[in-house]
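Listed below are the residues making up each chain.
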Amino acid sequence: MKLPDKTAALEDMIATIPDGATVLVGGFGVPGTPFALLQELARQGQRDLVVVKNDANEAGMGIDHLIANGQVRKLIVTHLGLNANAIAAMNAGAIEVEFCAQGILAERIRAGGAGLGAILTDIGLGTEMAQGKQQVEMAGRTMLVEPALRGDVALIHAASADPFGNLTYAATARNFNPVMAMAATRVIAETEVLVPLGGVAPDAVATPGAFVDHVVTLSALSQEYGIVRR
Amino acid sequence: MKLPDKTAALEDMIATIPDGATVLVGGFGVPGTPFALLQELARQGQRDLVVVKNDANEAGMGIDHLIANGQVRKLIVTHLGLNANAIAAMNAGAIEVEFCAQGILAERIRAGGAGLGAILTDIGLGTEMAQGKQQVEMAGRTMLVEPALRGDVALIHAASADPFGNLTYAATARNFNPVMAMAATRVIAETEVLVPLGGVAPDAVATPGAFVDHVVTLSALSQEYGIVRR
Amino acid sequence: MSDAKSRMVARAAREIAPGMVVNLGIGLPTQVVNHLPADFPVCLHSENGLTGIGPTLPYDRADRNLIDAGGAYVSTIPGSAFFDSAVSFALVRSGRLDLTLLGAFEVAQNGDLANWKIPGKFSPGVGGAIELAHKARRVVVLTTHCDRKGNPKLLEACSLPLTARGRVARIYSDMAVVDVTPAGFALRELAEGVSLSALREATGAPILIPHADIPTF
Amino acid sequence: MSDAKSRMVARAAREIAPGMVVNLGIGLPTQVVNHLPADFPVCLHSENGLTGIGPTLPYDRADRNLIDAGGAYVSTIPGSAFFDSAVSFALVRSGRLDLTLLGAFEVAQNGDLANWKIPGKFSPGVGGAIELAHKARRVVVLTTHCDRKGNPKLLEACSLPLTARGRVARIYSDMAVVDVTPAGFALRELAEGVSLSALREATGAPILIPHADIPTF
Chain A
622 MKLPDKTAAL
632 EDMIATIPDG
642 ATVLVGGFGV
652 PGTPFALLQE
662 LARQGQRDLV
672 VVKNDANEAG
682 MGIDHLIANG
692 QVRKLIVTHL
702 GLNANAIAAM
712 NAGAIEVEFC
722 AQGILAERIR
732 AGGAGLGAIL
742 TDIGLGTEMA
752 QGKQQVEMAG
762 RTMLVEPALR
772 GDVALIHAAS
782 ADPFGNLTYA
792 ATARNFNPVM
802 AMAATRVIAE
812 TEVLVPLGGV
822 APDAVATPGA
832 FVDHVVTLSA
842 LSQEYGIVRR
Chain B
622 MKLPDKTAAL
632 EDMIATIPDG
642 ATVLVGGFGV
652 PGTPFALLQE
662 LARQGQRDLV
672 VVKNDANEAG
682 MGIDHLIANG
692 QVRKLIVTHL
702 GLNANAIAAM
712 NAGAIEVEFC
722 AQGILAERIR
732 AGGAGLGAIL
742 TDIGLGTEMA
752 QGKQQVEMAG
762 RTMLVEPALR
772 GDVALIHAAS
782 ADPFGNLTYA
792 ATARNFNPVM
802 AMAATRVIAE
812 TEVLVPLGGV
822 APDAVATPGA
832 FVDHVVTLSA
842 LSQEYGIVRR
Chain C
68 MSDAKSRMVA
78 RAAREIAPGM
88 VVNLGIGLPT
98 QVVNHLPADF
108 PVCLHSENGL
118 TGIGPTLPYD
128 RADRNLIDAG
138 GAYVSTIPGS
148 AFFDSAVSFA
158 LVRSGRLDLT
168 LLGAFEVAQN
178 GDLANWKIPG
188 KFSPGVGGAI
198 ELAHKARRVV
208 VLTTHCDRKG
218 NPKLLEACSL
228 PLTARGRVAR
238 IYSDMAVVDV
248 TPAGFALREL
258 AEGVSLSALR
268 EATGAPILIP
278 HADIPTF
Chain D
68 MSDAKSRMVA
78 RAAREIAPGM
88 VVNLGIGLPT
98 QVVNHLPADF
108 PVCLHSENGL
118 TGIGPTLPYD
128 RADRNLIDAG
138 GAYVSTIPGS
148 AFFDSAVSFA
158 LVRSGRLDLT
168 LLGAFEVAQN
178 GDLANWKIPG
188 KFSPGVGGAI
198 ELAHKARRVV
208 VLTTHCDRKG
218 NPKLLEACSL
228 PLTARGRVAR
238 IYSDMAVVDV
248 TPAGFALREL
258 AEGVSLSALR
268 EATGAPILIP
278 HADIPTF
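Protein chains in written order, with my numbering: chain A, 622 to 851; chain B, 622 to 851; chain C, 68 to 284; chain D, 68 to 284.
What the hints contain is simulated information worked out from the structure, not anything from laboratory work.
One thing to keep in mind: the hints can contain errors.
[Stated by the list, open to error] Derived lysine-lysine pairs resembling BS3-like cross-links, with alpha carbons at most 30 Å apart: (1) D:K188 to A:K695; (2) D:K72 to D:K216; (3) A:K754 to D:K188; (4) D:K188 to B:K623; (5) A:K623 to C:K72; (6) A:K754 to B:K623; (7) C:K216 to C:K188; (8) D:K188 to D:K72; (9) B:K623 to B:K695.
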């Protein structure tokens, strides 16, 4: 036996994403954002997307290209604070925005990746974040039902990958990538470095390849991956 | 700033466990079972314990010492198949046994470690595993409420640790240890090797030290840690 | 292993398609791996936190920290990964497991499976079986056609506590390959030397017989 | 930073006890770290997946993959750990965070906190604030006593959407150290040069004044 090879061409993999898809996008700020996959998605122009991401990047970067192109129908995020374009689009009604508490977004995605229906939490009780959410009484306590969240596609940024899709992440570029890599029907991982099978030590694997469908290797990193001087 | 030092003596840490405590115990078979911590718990003799563990080890090993001593009031496990003593104690009514599906036990403990109230799952629906469990209707589907599970204490086996409690695990000795290390009021980790701060690379940390209360270094590994010839 | 069992296991190995993620249950299913070509592209999963299971090792070469879910000392292959029990079952429940081959006490003609408990005799706990049976994309049973006393395991309805309802798609036995269809059990292949009447006698439910020639294995 | 702000930040630093796990909110709270001794035993947590935050780095020495939750380029120290966002908030929600210092738009005398949304003006999303405020073992606010227009931030009741109900234990401002008690706000310390009457005027709720001498900072 040997492990299957999942290496593929970036353009071909993005071309599998249909209009209307729910797309999970890794990253917290710049680190871990799959800028190359997003650039190609912006170039191909799929529309009516539901984008799930911690934040909306900054103007001119990452998912801001999708927002600027009018490709995004709905954003599910924890905050938009660094992207004035996204806030303007939200205020103008051009995109629908659903805000989630950051750790609850992570848990909803993880629950999707773990094949659960939902999590029960008290986070948000007593605030407007609880409005409209199903409540359950459990052992005398009120809990909010936070439904599992899955994507049709997940776009992941890895530091290194082997051809089977075992992934590692660098420093705080890990963030939402591991949970998102578990929670989509089709998981596309871009990697800075492709190593041969066995090149990632079994104990060092952060996302097991069994969750990953496609591995695309980046030949170079665009400017968006670099240091942001503010 | 520097990270706090949590190294401690094994006997002293086990002595903090009171009668009646709920004790989470890592391990799946031999790998990852904290045999030294369990041996000392057997020696000190705390009683009325609720022990949460994947399995009951084998006769004469690990938690079987606690069962043989009459220290265990209740076991929460996924199976007892390799320990005839445990099955006999269960059948004789000497210990109460609650069986959980393996992944659901992992998720219940993880939910405890993640500060959630419960998970909702369809695992067990249509079987006797669903009996007596709270059900919730969610978006037209019936789900079982599987409550979060926490311990007063968790007993963890690490391959290496630094003094702050950053842990690594070896191969399949990982198993339940990472989720249990998140889910107890007091987390005691035994480690085969103690490395200085910085000795575990930040990307290689499997359990962050912020979850761990005490680190005890094993001077030698008893026979129980070895290969089992059947 | 008897010749009939060996042929059953070899036949079941052909169930595995290239690229699949597969969990082989404890016991006979584990043997299936011995019938795959050396370079066959497949990912074997073990519940205790391993993908990419390598060959079983003798005790003197075993790693004390590296076992499969059945307790056998196994090895890694290039690309193996270790992970915790929560991640391991996340993989099972979220649809990443293409196939599981499980043992059975009883299989019903509607696909119900009982393989974890015999009240009053055998109740060691459900382990990971319930999640494998509920959530693998395809659930296949590998079992002797009858139990040790000669009683049929393929039944109109299960009498034992269920592991999962309606999830079994196919059974590989030492007598036949049988699919579970909306109309009940349907014969697909016969083991060499087994007659239709012997099969019917050993099966505790009606079994649909194709009109065409029946392949043997 | 003004002298009063600087003294407030220095005073807040003494809130941190040896051995604590602490999350410092974006903005002023982040500055608190500059007032801790070099070998002070503490673990700083950042929501984006880091424990053991080291010094902020200039752009030319920064690691593009290593930021804190506010986007600053930080560094590691011996014993730092990286983890994913789910684990990061598991730590917050399960009681492993001993202390969080947060900014505030409004704090009410019952400990209610509003710090994430001003309807119609500022609604960038709640980020991680709601979980920090709900679940840190101790929630402390670090803020100027009044907003830029001179309106008090310490109020009888919050008018803005809440982040958390009744969770604030203490406020460090440029005018005072104020505890939230069952009887409402209670003065603990005064900033140098601030009079009781100035404090009362700048506070939008009654404030209990101790009979004893009031320490200054």
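So, going through the hints one by one against the coordinates:
1. Taking the CA atoms of K188 of chain D and K695 of chain A, the gap is near 21 Å; set against the 30 Å cutoff, the hint holds.
2. Pair hint K72 of chain D plus K216 of chain D holds up; C-alpha atoms about 17 Å apart against a cutoff of 30 Å.
3. For a cut-off of 30 Å, the pair hint linking K754 of chain A to K188 of chain D stands: about 25 Å separates their Cα positions.
4. Using a Cα cut-off of 30 Å, the hinted pair K188 of chain D and K623 of chain B is violated, with the two alpha carbons roughly 41 Å apart.
5. Distance check on the hinted pair: K623 of chain A and K72 of chain C sit about 26 Å apart at the alpha-carbon level, within 30 Å; holds.
6. Taken as a hint, the K754 of chain A and K623 of chain B pair is broken in the structure, with Cα atoms around 42 Å apart against an allowance of 30 Å.
7. Distance hint between K216 of chain C and K188 of chain C is fulfilled; the C-alpha atoms sit about 15 Å from each other, no more than 30 Å.
8. Among the hinted pairs, K188 of chain D with K72 of chain D is consistent with the structure: their alpha-carbon atoms are about 26 Å apart, no more than 30 Å.
9. Among the hinted pairs, K623 of chain B with K695 of chain B is inconsistent with the structure: their alpha-carbon atoms are about 41 Å apart, more than 30 Å.
Going through the hint list in order, the structure does not satisfy hints 4, 6 and 9.
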